[in-house]
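Peer 1: The sequence shown lines up with residues 1 to 143 when you count with UniProt numbering.
Just so you know, not all the hints are guaranteed correct.
[What the hints assert, rightly or not] Distance ranges between label pairs, derived from CB positions:
no., residue 1, residue 2, range
1, T104, R67, 24 to 30 Å
2, A136, A18, 22 to 28 Å
3, M68, A18, 19 to 25 Å
Since the hints were made in silico from the structure, they are not lab data.
Computed from a predicted model, the values in this text were never measured in an experiment.
Each residue gets a CB set at the ideal place from its N, CA and C atoms; glycine is no exception.
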Amino acid sequence: MGTLLRLVLGGVILVAGALKVTNLGQSALAVRAYQLLPYDLAGYVGYALPIIEIVIGLLLVLGLFTRMSALLGALLMLAFVIGIASAWARGLSIDCGCFGGGGTIGAEQTAYPLELSRDVALTLAGAWLVRRPHTAYALDDRI
Numbered sequence: 001m002g003t004l005l006r007l008v009l010g011g012v013i014l015v016a017g018a019l020k021v022t023n024l025g026q027s028a029l030a031v032r033a034y035q036l037l038p039y040d041l042a043g044y045v046g047y048a049l050p051i052i053e054i055v056i057g058l059l060l061v062l063g064l065f066t067r068m069s070a071l072l073g074a075l076l077m078l079a080f081v082i083g084i085a086s087a088w089a090r091g092l093s094i095d096c097g098c099f100g101g102g103g104t105i106g107a108e109q110t111a112y113p114l115e116l117s118r119d120v121a122l123t124l125a126g127a128w129l130v131r132r133p134h135t136a137y138a139l140d141d142r143i
């Protein structure tokens, strides 16, 4: 079970980062749309986030530093849960920007319950791996 959770969490985070890294300006726009951070700081976060996601995702997929990368992955997913819940509670109509895109959308286009469910499940997967980091096919066992 741990191997599957590690690969799913790592794969989702890796793909999210890879899809965003090709358009960092759009990633910055997505972070700004949440209206949680000062404008300039949100831009910096938007530029850095895809790189951070790629690194965490790769570490999880490879099974390197699993406990630490799972903790970082779980905290990242928890931050996304808080951001999406905050946007929903404040009545913002935004694309989460989870896999690229982002910004303002029509209210009927929001998918907050689905996005929150996915991100809570991924947060729990990360928490499981923090508690049980030893998984099959992990490079942790090789070093």
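Peer 1: Work down the list of hints and note, for each, if the structure agrees.
Peer 2: Okay, the hints, checked on the actual structure:
1. T104 x R67: 24 to 30 Å: Given a distance of about 38 Å, which is not inside 24 to 30 Å, the answer is violated.
2. A136 x A18: 22 to 28 Å: holds, 25 Å
3. M68 x A18: 19 to 25 Å: Roughly 21 Å apart at Cβ, these two residues keep to the hinted range, so it holds.
Going through the hint list in order, the structure does not satisfy hint 1, though it satisfies all others.
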